[in-house]
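Trainee: Between the sequences and the hints, there should be enough to build the whole structure, so can you do that?
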Amino acid sequence: MPLSWALFASFLLAAAGYIVGRSRAFATAGPDVRKLHSRPTYHGTSVALAALLPALAVLGLASVLRLTGVVTPESGLVAGTIALIAAVLGLGVGVMRIGQEYQARNVVERMVLGLLMLSSLIAIVTTAGIVLSLVFETGHFFQLYDWKAFFFGTEWTPRFQGNSRLGIVPLLWGTMYVSAIALLVAVPIGLFAAVYMSEYASRRVRGFVKPAIEVLAGIPTIVYGLFALITVGPLLRDYFAQPLGLGNSGTSVLTAGLVMGIMLIPFVSSLSDDIINAVPQSLRDGALGLGSTPSETVRQVVLPAALPGIVGAVLLAASRAIGETMIVVLGAGAAAQMSLNPLEAMTTITVKIVSQLTGDSDFNSPETLVAFALGLTLFVITLALNVVALIIVRKYREQYE
Amino acid sequence: MTDIPLSRPVDVPDRKPGSLLQQDARTKARNAAEKRFRLYGVIAIAISMIALVVLLTTILSAGSGAFRQTYLNIPVTLDAAVLDPKGNRDPAEMAKVLTVSYGRVLDAAVEATVARHNIQIEGLSEDDIDNLISKEASAQVRDRVLADPELIGQTVEFDVLTGGRIDGFFKGRVTMESAARDSNTSPQQLQLAQELANRGEIVTRFNWNFLTNADASDQRPEAAGVGVAILGSLYMMLVVLVLAVPIGVAASIYLEEFAPQNRITDIIEVNISNLAAVPSIVFGILGLAAFINFAGLPQSAPIVGGLVLTLMTLPTIIISTRAALKAVPPSIRDAALGVGASKMQSVFHHVLPLAMPGILTGTIIGLAQALGETAPLLLIGMVAFVRNFPDGLPGGLMDPASALPVQVYNWTQRSDPAFIERASGAIIVLLVFLLCMNVLAIWLRRKFERRW
Amino acid sequence: MYDTSHRVENAVTPKDIKIQARKVQVFYGDKQALKDVDVDILDKTVTAFIGPSGCGKSTFLRCINRMNDTIPIARVEGEILLDGEDVYDRRVDPVQLRAKVGMVFQKPNPFPKSIYDNVAYGPRIHGLARNRAELDDVVEKALRGAALWNEVKDRLSEPGTGLSGGQQQRLCIARAVATSPEVLLMDEPCSALDPIATAQVEELIEELRTRFSVVIVTHSMQQAARVSQKTAFFHLGNLVEYGDTDDIFTKPQDSRTEAYISGRIG
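Protein chains in written order, with the working numbering: chain A, 1 to 401; chain B, 402 to 853; chain C, 854 to 1119.
Since the hints were made in silico from the structure, they are not lab data. Note that the structure is a prediction, hence the values are computed from the model and not measured. Ideal Cβ placement from N, Cα and C applies to all residues, glycine included. It cannot be assumed that every hint is accurate.
[As the list claims (entries may be wrong)] Taking lysine to aspartate or glutamate pairs in the EDC-like style, the calculated list, with each CA pair at most 16 Å apart, reads: (1) B:LYS429 x C:GLU1035; (2) C:LYS897 x C:GLU1035; (3) B:LYS744 x A:GLU109.
[Said to hold, decoys possible] One side only, chain B facing chain A, incomplete, derived with CB under 10 Å: (4) MET495; (5) ALA496; (6) VAL498; (7) ILE828.
[To be verified] A short list of chain B residues far from chain A (calculated; beta carbon distances all over 10 Å): (8) GLY442; (9) ARG788; (10) THR813; (11) ALA824.
Mentor: This is the structure in structure tokens:
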């Protein structure tokens, strides 16, 4: 591993540079350290950075080139040597620059600022990575499979031997059905809970209930998934589906929807709580002063005033529901079908992404690549919901700021 | 929302002042509506609380069994002729003896024990007796013998794992009725197990092995543990800690303290808030495409999982860190600038230390989220069956490993219902970790809470 | 503590008394905000509460229509009789009380609804109109009563939050007037307004007096002198002095009152 050795050596050189730079700065200053523009530690740091940064740049470039296969792993020795030469040169230049007038602090701070800025760019890089990887592989998929058949096909029957039908419509239907049930559960419960907590609950009740609801939010989705699988699913099957003759599947749209609804309660309630609390107290006072009951105040003044924010919150919750994976994987089933019966197993986009990408089929087959097209669809839908929700919420916040 | 009936019994609009001490009909109706409304709130909260309690009790009761395990205590005669055919006690030679041979030795030992206690059960077959113990038992004995060849030829007491059905019988999962329909056990076998338990040969103990063992194959749920999963999760958390925290804090400092108000900053901010809401599975797709297919990192490796989780956790850390930085009053910055500190010095010497508790709390909560995340890890191959522990750091980051939530998912896909118990047990372990992290976060927040 | 003889001198007939407060004490948690306040507030009169900030004048005002109920730690003792009935009686529904005792707040707080819906809100919840025509009538009367009708009659469906500050406050007054209260409480209604808007509101208060009892809390002594007939001076939770406004400002009985109106405390 010449590269890691080079990395190690560069760090050593940087450390040496720090000590050399610092002592040289002291030497330049003479008896009065205040003659220096910057404190000696900054001089030391500037030398260290001067040695380290070029070396790191060379090493980073080398590893990228190696990962992308432009150069062979054997070139590591060359790259390591170049890196070390760069480090030594940087060290030399850094030490030469030291003088009473040299603004070491400003140089160091500019470099640190550069590092900070680079870190903040990670967000953009990640988004770009997501978009690129999705778009690239989706393009690949559409070369193998007709896009119209994907977006408008109502049948989902992947086959190992090829000739699969990969229509997204039944998956979209399942996704929407599960999400709708989840929202039907989560929105009223979450909203009423938030209203009760902010308008009625005593401090003691709030002090107990709020953390409990937060616990609900902190539970990983796999736990909800298992809950759906071992408790809710069998319960619905034995007490509703079978007696009513509506099917006998342990997994169903209703199972996944109910459990996902529970998962979303804290999400809806904490967002609504923020939004309701943003409504100024003076409005409540105004309504109460006219003789409204508290519930009239909430229904006729607070909620209408908070409505845009709440709509935004519901959209965010919808986006969560659509992108949720583990609950539907374990609760909704794997059968791609379009039915109105909520006690039947159906499947969603996320379930199929998992099943197509964890199977053993050839990566370059349409059966695998379709997962990227599904992912892109999912990404676009959730992104659109988020953007709209954020715009609404932001507008709403501005109204009261 | 304004659907209030306009009608009113009394003549209006210049109403007569009635007594305050009597509620008129309208007030009574309105107060009834008020009570109903409050009731809805109470019901909503009650539903949430009940859901929480049912969820937790279900998992706890389903998973508690994983922490207890039944063992059969038998004296095993380690026959040298079978286990060391060459007779030279050479470990290399002995390693060639397969578990099958040990299985035969164990079968004999179990049969001997049953015979010794003189248990007579009608219809009890030899298979019933042999299958009393886990298939894992032979590996267990073999490991002991290979570690200490001197045992050969002696008769040694072993606590061997009982089979999954026997274990289930003592935990109430398997009953005589279900056994009658089960090809893997029989009522006679359970009766035998009960007799042995009555004689103190089968005992139930706390199951440390659940925490230290690796996963086991479909046929031996009794031997499956979360050791590899815990280690894998730990490795990934380490990667997240090392990458996400410095990058997240640096990005937050830049955005909160230095970034100019311009388009690029705007784009970055919108990007971060959107990334926070991107479904986790999409990050899995990114990991698969970027880290495995493009960069060529190995599948199932903690490094890949850690990288994916880092990208997922970054927005959380950035958002909470920025909130913590924002909470430091501007007067602190002014004070530092006022004594001649540079902007950078004021941030690193004053603002950052003051914001530290908030940053730590946010970081821990971000880590807790990452620890429980499942979906993206499925896509980067962590769902594979991993029998071997990954190496130590840093090389172990490249070895295949599992992760706690993925292990749970993995076990839910097995056919033997005993794995549901294991899955719930793994969730308990996961929840204990999460609880500790959250308690730590709350403790930090309390300890360093500052009112400006 | 002021002695009751001053009040007798004012020769008030009991019939004119709208509100009688007896030994009113208010506590916020352990802190006592009002001590033994006794006061008679007259019908068809503007009564001003003055005093330095934190003296308890707003606290007392909020006791009269039980707005203090919304503060969990507030506790009120003593009795406040409205037409002889204690508003703190167990049988009294604060909702019914507040329909009779309207309130206008320091900061204009129109609901984020149309001008019409703002004014119609009270009549709607209290069922003061049987149909749309009647409601239109109530709204128009209230807006005319608040001297706002001419300014807004063409844009009743526009949001109330779009009006200027002074208009918003008059809208809030119209909103309170629309429920035809018997007493109108005003908590520093002009503190957020410019001088012209203040003059308009003061003019309005003068007019409202002909219809019901108005109680106004103000931090401005000039305003108290301009609009009120009766003035009560509060200091450190005590009602120091109560009497005709002219008397309070020209020949105060208590040294503390004198110190306040001459600007030495406040």
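Trainee: Among all the numbered hints in the text so far, which are the ones the structure does not match?
Mentor: Structure breaks hints 1, 4, 5, 6, 8, 10, 11.
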